[in-house]
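J.: Sequence:
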Amino acid sequence: MIDICTISLTETATLKIDKKEVMRYLRTKEMDEGLNAIYEACVKRIYEVASPKAVYKKFNINVLDNIVDFGFMKVNSKDLAKNLKDCNEAYAFAATLGIGADRTFDRLNRVSQTEATVFSAVASSLIESFCDYVNERLIDGLSSKPRFSAGYGDFSLEHQRDILSNLEADKRLGIFLTESYMMVPVKSVTAIIGIRS
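Counting in the working numbering, the sequence shown runs from 3 upward without gaps.
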């Protein structure tokens, strides 16, 4: 096991926002001129307010039937166990765009729900892009499994508390968990990446 490590990205614009993904979040197949102008303004704004940061730690794991033992938590999940089959190590990470994205969304929502909705979709694309960046940094040259987050399949959201606590994400990233296991800032992600033996 290694100590908790941090990844910060000051050049946010190096992360790409996938317009098709944004359109999928918005449930639209095309953007008219007006919606496209809002999209462009939201892209500019998210690059200004986002502060992408992540923390991660590598763990020895043991997978037995549907139980995955990380040492700091045991997870009873058929889907996670299947994902981590043939792995004896895994990274746990937490990533966030920071509170600036939440504050901007709240301000926009008071003025225009359309702008707020587009901004949220753009921010969702950006956090996914940042998670891809973190993923690539962590697996550099290693054989790995696709990242797997609490809330996927039968991997309970309740385990976000264990992951965030073990990574000290409250102190290091300012991520907190609500009683319903939702993260604040909202554009935050936890994930597990299995490393093949």
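Check before you lean on any hint, since a few could be wrong.
[Claimed, not checked] In silico lysine-lysine, DSS-like type, Cα no more than 30 angstroms apart, as pairs: (1) K46 <-> K87; (2) K147 <-> K60; (3) K31 <-> K59; (4) K60 <-> K18; (5) K31 <-> K21; (6) K173 <-> K22; (7) K21 <-> K87.
Simulated from the structure, these hints should not be mistaken for laboratory data.
Just so you know, these numbers come straight off a predicted model, no measurement behind them.
J.: For each hint, tell me whether it holds in the structure or not.
T.: Structure-based check of all given hints:
1. K46 <-> K87: Violated, because 41 angstroms separates the two Cα atoms, which is more than 30 angstroms.
2. K147 <-> K60: Roughly 14 angstroms between the alpha carbons, so the hint for K147 and K60 holds.
3. K31 <-> K59: The hint is violated at about 39 angstroms.
4. K60 <-> K18: holds (27 angstroms)
5. K31 <-> K21: holds (11 angstroms)
6. K173 <-> K22: violated (35 angstroms)
7. K21 <-> K87: violated (34 angstroms)
Figure legend: structure checked against the earlier numbered hints; hints not met, in rising order: 1, 3, 6 and 7.
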